[in-house]
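Chemist: Here's the letter readout for the chains.
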Amino acid sequence: MTFLDEFKKYDHKEVLDRIMGKTAQDVERALQAERPSIEDFAALISPAAENFLEPMAERSHRNTLQRFGNNIQMYVPLYISNVCANGCVYCGFNVDNPVNRKTLSLDEIEQEAVELNRHEFRHVLVLTGEAPGVIGNDYIAAAIRKIRPLFSSISIEVYPMDVAGYRSMVEAGVDGLTIYQETYNTDLYKELHLVGKKRDFEWRLGTPERGCEAGIRRVGIGALLGLGNFYVETFFTGLHALYLAHKYWRTQVSVSFPRIRPAEGGFAPLYEVTDKQMVQGICAIRLLLPDCGLTLSTRESSRFRDNLIPLGITQMSAGSSTAPGGYAQKDDGTGQFNIDDDRSPEEISRVVRAKGYEAVWKDWDAAFLRENVS
Amino acid sequence: MDELVIAGRKFKSRLMVGTGKFSSNQAMLEAMEASGSDIVTVALRRVDIDNPADYMLKHIDRQKYLLLPNTSGARDAEEAVRLARLSRAAGCEPWIKLEVTPDPYYLLPDPIETYKAAQILVKDGFTVLPYINADPILAKHLQELGCATVMPLGAPIGTNKGVKTKDNIAIIIEQAHVPVVVDAGLGAPSHAAEAMEMGADAVLVNTALAVSSNPGMMAAAFKKGVEAGREAFLAGLGKQRKFAEASSPLTGFLREEK
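First to last, the sequence lines map onto chains A and B. Sequential numbering from 1 applies to the first sequence in my numbering. Sequential numbering from 1 applies to the second sequence in my numbering.
Hint data in this document are derived by calculation from the structure and do not stem from the laboratory. Careful: at least some of the hints might be erroneous.
[Stated by the list, open to error] Quick list of in silico lysine-lysine cross-link-like pairs, DSS-like style, CA-CA up to 27 Å:
{"id": "1", "chain 1": "A", "residue 1": "Lys-146", "chain 2": "A", "residue 2": "Lys-8"}
{"id": "2", "chain 1": "B", "residue 1": "Lys-58", "chain 2": "A", "residue 2": "Lys-355"}
{"id": "3", "chain 1": "B", "residue 1": "Lys-116", "chain 2": "A", "residue 2": "Lys-247"}
{"id": "4", "chain 1": "B", "residue 1": "Lys-224", "chain 2": "B", "residue 2": "Lys-12"}
So here's chain B without its partners, still in its complex pose:
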């Protein structure tokens, strides 16, 4: 069976979903269900981590989903590390989606602080899934540190623009030994399919589901997009050609019998 394996743990779905921006918790839960995901990420700043009555903590079934806390909002390594430790201390599994985004506008990841935080958290025993720009060299560094995945962005968070960083993501996929999860900017199931066709191991989607007028239906559509892309990748896509191939080859006469 074609399973996603991260840090030795197996997952059936290759679609991860975020929990922010939904119009209601109900809409969020429906989207999670329809997506078929096994991994859902939650911003630590949004939850009362010590409070078992917190809506998200209470309603996300942890038998069914791996609750992957993220450090969204952290401006530097120190803050991200503090948040990660807080979630572990509160009883979350020591898995962390590392996000260090000092610029509150485009929410682009800081490569230097992300690297520093990953260094500390890996040593500290965390399974670290860092959100990064599509930088193949940074991906190599993080992999060498012992990160469990790399999560390059397709386009800035929330833009729905698709896989704009395609060429660099292709290099990351070609060179990575850990799963590559295309994280941000995917706005349509076709974008998710495109990333999967390229050989990404998984994708993470949030805004496209949360701001859809029908998050559940959109999540189901993304599920299909991810599955279609994955199957196409496994089946092996035909090479794209710039020109049609002539049915009567130009050099065919060389092989003709005299």
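Chain A extracted, bound-state conformation:
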């Protein structure tokens, strides 16, 4: 039994109808449930719940405080290559976009890492595109080994691998994996992913499970908001996270809320996800999964990010560049998308503190996984 089997039990249209049919009474019942069921979750993400945002936010805040305390864990993305053979119409790295392609050498990667380390960052997320023959598991593993003395936690957001590939990542020093399904709508998925290995919806859908299988400690999923219908995408994201958390009970599952940003190629969102809906989605996921990590990137504006902090967020990126070489190289590549919140890590740390939270830079130790490190 895999998530694909679970996923196939649902019909897209029926799911949408079910959510749209939820009433205020359904939402009230969901808010009263100690552990909301998936039906309760459907009510919480429905239009009927728009009038209950404040009680949802209060409960989400309380749950998060109880489980994670007044802490926000900080991380930073490190793009090591923007070469990509995929044709994802919304992405700046799309193979057809005339962008400045760059794959960093190991020395350049180290220089980037040193720069990030200077700013207190101890949790790093390494990113690449998908380009068979150019970027392979060996390159990524070598990059991880190069930078691991500088970080206490290393996550990857790269192309989907098989279980053996992920095992080799764990051996190299990876403890976290981020992999977005982009959209859970199979028809839309085909339309948006024109060429490249990423066309295979099912291979991608099974990726978080392969990561868990390989023993990666933290696995993050999400739908790219602005592609499919918000309600349906959020429903499947919750279902997926719940499935992973139950089946792989040793893995910490987290959910991200990436909303489409302007990027090279000029893709316009197909579905406008409002700030209100983002808040609703975050709170509903928190109520469904009280112990789940919730991640917010610098895609969002500083004002919006600051206001989301107490609503259930547990991880934030800061001081981000989405370009390979963006921290220490003179000649960096083109970025994946434009970030909105461009404040420095120190500034964001001050804002987090002003909100009554402590910015936590280190919340993991590589020694969990290996000897002779600290």
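With chain A's structure known, arrange chain B on it following the hints.
Modeler: Frame of chain A; chain B shown alone:
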């Protein structure tokens, strides 16, 4: 004087505090001060153990507090043992609060891996304080291994539900030869008092202080709760009765003079 003795070492306070989840390091230090604790536990994953400039390591006065490193985040015995050795190698005292919690959700302790890790660490010369479910048989096993305490949970970490495992904790207290420290789930000073009234030797509190809007005041309140509970235990609580005792006993006539 009524002191807590763990592995031959004496402590004035019977309240231990955790250092996670606070809104600032300042709030953490204030709570520590107000709690009157002598033992504070620190997650090794949160500190740069080799870095003397690390905030927690630098600001926790080790003359005043026993810095008790914990292995929070460890998923199995091997990881916990590695972390413990790392802290000793970095100059921490060889005391370890052993936490093996493979489930990142409820953070419940794994009895099998905790036992395995305790076996190795005790042999290795560590003073081991294992966090366990309120399982009296596991407590006996760990005690036989040479653990310095047992630390059963009152309720899952962070739940603030109080001593939900009361009946089993009572059995552990009744049978243990090592100090019993009720570790997790205590959300109010009354919960701490309850555990102490039952005869627990100490309690450990973290979330209830860290997420309070006034951690310092809450820590002071817990201090009083722990002291009140301990004194009540020492004084001997009256037995609870289900019914009121009749002032004119029903069988009194038997003793009456004819």
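Chemist: Given the hint that B/Lys-224 pairs with B/Lys-12, test it: the Cα-Cα distance must not exceed 27 Å.
Modeler: holds (14 Å)
Chemist: Hinted pair, alpha-carbon criterion (27 Å max): A/Lys-146, A/Lys-8. Please report holds or violated.
Modeler: Cα-Cα ~41 Å, so violated.
Chemist: Between B/Lys-58 and A/Lys-355, does the CA-CA distance stay at or below 27 Å?
Modeler: holds (25 Å)
Chemist: Just to be careful, I want the Cα atoms of B/Lys-116 and A/Lys-247 compared with a cutoff of 27 Å; is the pair within it?
Modeler: Holds, because 25 Å separates the two Cα atoms, which is no more than 27 Å.
Hint check: a violation occurs at hint 1 only; the rest are consistent with the structure.
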